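All letters in the sequence shown, in the order written, are residues 1 to 149 by this note's numbering.
FYI, nobody ran anything at the bench for these hints, they're computed from the structure.
Just to be clear, a hint being listed does not mean it is correct.
No more than 25 Å apart at the CA atoms, straight line, and that leaves these computed lysine-lysine pairs for DSS-like [what the hints assert, rightly or not]:
#  : residue 1 : residue 2
1  : K118      : K104
2  : K104      : K53
3  : K106      : K25
4  : K73       : K106
5  : K73       : K104
6  : K73       : K53
7  : K103      : K53
8  : K106      : K118
9  : K25       : K113
10 : K53       : K25
11 : K103      : K118
12 : K113      : K53
13 : K103      : K113
Label pairs and their calculated CB-CB ranges [said to hold, decoys possible]:
#  : residue 1 : residue 2 : range
14 : G126      : K73       : 11 to 21 Å
15 : S129      : K73       : 35 to 45 Å
16 : D79       : S129      : 28 to 38 Å
17 : N98       : T64       : 30 to 40 Å
18 : E99       : T64       : 14 to 24 Å
19 : L56       : V146      : 31 to 41 Å
It should be emphasised that the depicted structure is a prediction, and the values quoted were computed from it without experimental measurement.
Ideal placement from N, C-alpha and C gives every residue a C-beta, glycine not left out.
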Amino acid sequence: MTRILMVCLGNICRSPLAHGILESKLNIQEYYVDSAGTASYHIGSQPDRRSIKVALNAGIDISTQRARAFTVKDFDEFDYIYAMDESNYADILRLSRNENDSKKVKLFLAANKSRFDKNVPDPYYGDISDFEYVFDLINETADLIVEGI
1 MTRILMVCLG
11 NICRSPLAHG
21 ILESKLNIQE
31 YYVDSAGTAS
41 YHIGSQPDRR
51 SIKVALNAGI
61 DISTQRARAF
71 TVKDFDEFDY
81 IYAMDESNYA
91 DILRLSRNEN
101 DSKKVKLFLA
111 ANKSRFDKNV
121 PDPYYGDISD
131 FEYVFDLINE
141 TADLIVEGI
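When you get a sec, could you build the whole thing from the sequences and use the hints?
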(Lines of atoms letter the chains of each structure in order from A and count residues from 1; the text may use other names and numbers.)
(Lines give C-alpha, C1' and ligand atoms only; values in the text may rest on other atoms or scores of the structure.)
Protein backbone atom coordinates (compact mmCIF):
# COMPACT_ATOMS: atom_id res chain seq x y z
CA MET A 1 0.00 0.00 0.00
CA THR A 2 1.29 3.46 -0.92
CA ARG A 3 1.04 5.93 1.96
CA ILE A 4 0.72 9.69 1.32
CA LEU A 5 0.83 12.51 3.89
CA MET A 6 -0.38 16.08 3.32
CA VAL A 7 1.15 18.75 5.59
CA CYS A 8 0.33 22.39 6.31
CA LEU A 9 0.82 24.59 9.37
CA GLY A 10 -2.09 23.80 11.69
CA ASN A 11 -3.70 20.86 9.88
CA ILE A 12 -7.15 22.47 9.83
CA CYS A 13 -7.40 24.22 6.44
CA ARG A 14 -5.17 23.17 3.52
CA SER A 15 -3.88 19.72 4.43
CA PRO A 16 -7.31 18.37 5.47
CA LEU A 17 -8.68 19.54 2.11
CA ALA A 18 -5.74 17.94 0.28
CA HIS A 19 -6.21 14.77 2.35
CA GLY A 20 -9.91 14.53 1.52
CA ILE A 21 -9.58 15.49 -2.14
CA LEU A 22 -6.71 13.09 -2.88
CA GLU A 23 -8.37 10.29 -0.94
CA SER A 24 -11.53 10.76 -3.04
CA LYS A 25 -9.50 10.25 -6.22
CA LEU A 26 -7.58 7.13 -5.20
CA ASN A 27 -8.43 3.48 -4.61
CA ILE A 28 -8.40 3.13 -0.82
CA GLN A 29 -7.36 -0.53 -1.19
CA GLU A 30 -4.08 0.66 -2.74
CA TYR A 31 -3.51 4.05 -1.11
CA TYR A 32 -3.66 5.48 2.38
CA VAL A 33 -3.86 9.26 2.74
CA ASP A 34 -3.46 11.27 5.95
CA SER A 35 -2.64 14.84 6.96
CA ALA A 36 -0.67 16.63 9.67
CA GLY A 37 0.54 20.06 10.70
CA THR A 38 4.01 21.38 11.45
CA ALA A 39 2.60 23.35 14.41
CA SER A 40 0.64 21.94 17.32
CA TYR A 41 -1.97 24.71 17.64
CA HIS A 42 -5.01 22.62 16.79
CA ILE A 43 -4.19 19.02 17.78
CA GLY A 44 -7.42 17.03 18.09
CA SER A 45 -9.55 19.68 16.36
CA GLN A 46 -11.79 19.17 13.36
CA PRO A 47 -10.85 20.95 10.14
CA ASP A 48 -11.92 24.60 9.93
CA ARG A 49 -15.69 24.84 9.36
CA ARG A 50 -15.02 26.61 6.04
CA SER A 51 -12.82 23.74 4.83
CA ILE A 52 -15.55 21.30 5.83
CA LYS A 53 -18.14 23.39 3.95
CA VAL A 54 -16.26 23.71 0.66
CA ALA A 55 -15.37 20.01 0.73
CA LEU A 56 -19.00 19.04 1.39
CA ASN A 57 -20.09 21.25 -1.51
CA ALA A 58 -17.96 18.96 -3.69
CA GLY A 59 -19.31 15.79 -2.07
CA ILE A 60 -16.27 15.17 0.16
CA ASP A 61 -16.76 14.79 3.91
CA ILE A 62 -13.65 15.76 5.88
CA SER A 63 -15.48 16.38 9.17
CA THR A 64 -14.17 13.20 10.81
CA GLN A 65 -10.52 14.21 10.37
CA ARG A 66 -8.66 15.44 13.45
CA ALA A 67 -5.59 17.66 13.46
CA ARG A 68 -2.31 16.13 14.49
CA ALA A 69 1.31 17.22 14.48
CA PHE A 70 3.90 16.00 12.01
CA THR A 71 6.53 13.84 13.72
CA VAL A 72 9.83 12.25 12.72
CA LYS A 73 8.00 8.89 12.77
CA ASP A 74 6.03 10.07 9.70
CA PHE A 75 9.19 9.63 7.61
CA ASP A 76 9.03 5.91 8.42
CA GLU A 77 5.30 5.55 7.83
CA PHE A 78 4.78 7.47 4.57
CA ASP A 79 6.10 7.07 1.03
CA TYR A 80 5.25 10.62 -0.05
CA ILE A 81 5.04 13.74 2.11
CA TYR A 82 3.53 16.81 0.44
CA ALA A 83 4.05 20.24 2.00
CA MET A 84 1.50 22.93 1.21
CA ASP A 85 4.06 25.75 1.15
CA GLU A 86 7.77 26.46 1.27
CA SER A 87 7.75 27.29 4.99
CA ASN A 88 6.24 23.92 5.93
CA TYR A 89 8.53 22.22 3.42
CA ALA A 90 11.55 23.71 5.21
CA ASP A 91 10.14 22.76 8.63
CA ILE A 92 9.69 19.15 7.53
CA LEU A 93 13.17 18.97 6.02
CA ARG A 94 14.68 20.25 9.28
CA LEU A 95 13.29 17.12 10.95
CA SER A 96 14.64 14.74 8.31
CA ARG A 97 17.30 12.38 9.59
CA ASN A 98 18.88 11.42 6.29
CA GLU A 99 18.65 11.65 2.51
CA ASN A 100 16.00 8.93 2.37
CA ASP A 101 13.72 11.05 4.59
CA SER A 102 14.28 14.23 2.62
CA LYS A 103 13.63 12.52 -0.75
CA LYS A 104 10.07 11.78 0.39
CA VAL A 105 9.25 15.47 0.88
CA LYS A 106 7.81 17.49 -1.99
CA LEU A 107 6.06 20.79 -2.42
CA PHE A 108 2.47 19.95 -3.29
CA LEU A 109 2.24 22.52 -6.09
CA ALA A 110 5.50 21.32 -7.67
CA ALA A 111 3.30 18.81 -9.49
CA ASN A 112 1.40 21.67 -11.12
CA LYS A 113 3.61 23.12 -13.87
CA SER A 114 0.99 25.78 -14.71
CA ARG A 115 1.51 27.46 -11.31
CA PHE A 116 4.45 29.81 -10.91
CA ASP A 117 3.91 30.31 -7.16
CA LYS A 118 4.44 26.93 -5.51
CA ASN A 119 2.76 27.91 -2.22
CA VAL A 120 -0.84 26.94 -1.55
CA PRO A 121 -2.11 30.11 0.15
CA ASP A 122 -3.34 29.75 3.72
CA PRO A 123 -7.03 30.74 3.68
CA TYR A 124 -7.37 30.84 7.49
CA TYR A 125 -7.66 34.62 7.81
CA GLY A 126 -9.78 34.96 4.68
CA ASP A 127 -13.40 34.32 3.86
CA ILE A 128 -15.21 31.43 2.17
CA SER A 129 -14.03 32.55 -1.29
CA ASP A 130 -10.42 32.02 -0.17
CA PHE A 131 -11.30 28.47 0.88
CA GLU A 132 -13.05 27.86 -2.45
CA TYR A 133 -9.98 29.08 -4.32
CA VAL A 134 -7.71 26.80 -2.27
CA PHE A 135 -10.07 23.87 -2.81
CA ASP A 136 -9.96 24.39 -6.60
CA LEU A 137 -6.18 24.75 -6.60
CA ILE A 138 -5.71 21.59 -4.55
CA ASN A 139 -8.27 19.68 -6.62
CA GLU A 140 -6.54 20.63 -9.88
CA THR A 141 -3.14 19.63 -8.52
CA ALA A 142 -4.42 16.41 -6.95
CA ASP A 143 -5.47 15.25 -10.43
CA LEU A 144 -1.88 15.77 -11.59
CA ILE A 145 -0.47 13.92 -8.59
CA VAL A 146 -2.81 10.98 -9.23
CA GLU A 147 -1.61 10.87 -12.85
CA GLY A 148 1.99 10.86 -11.61
CA ILE A 149 1.62 8.02 -9.15
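Hints versus structure:
no.	hint	in the structure
1	K118 with K104	holds, 17 Å
2	K104 with K53	violated, 31 Å
3	K106 with K25	holds, 19 Å
4	K73 with K106	holds, 17 Å
5	K73 with K104	holds, 13 Å
6	K73 with K53	violated, 31 Å
7	K103 with K53	violated, 34 Å
8	K106 with K118	holds, 11 Å
9	K25 with K113	holds, 20 Å
10	K53 with K25	holds, 19 Å
11	K103 with K118	holds, 18 Å
12	K113 with K53	violated, 28 Å
13	K103 with K113	holds, 20 Å
14	G126 with K73: 11 to 21 Å	violated, 32 Å
15	S129 with K73: 35 to 45 Å	holds, 37 Å
16	D79 with S129: 28 to 38 Å	holds, 34 Å
17	N98 with T64: 30 to 40 Å	holds, 34 Å
18	E99 with T64: 14 to 24 Å	violated, 35 Å
19	L56 with V146: 31 to 41 Å	violated, 21 Å
Violation of the numbered hints given earlier is confined to hints 2, 6, 7, 12, 14, 18 and 19; the remaining hints are satisfied by the structure.
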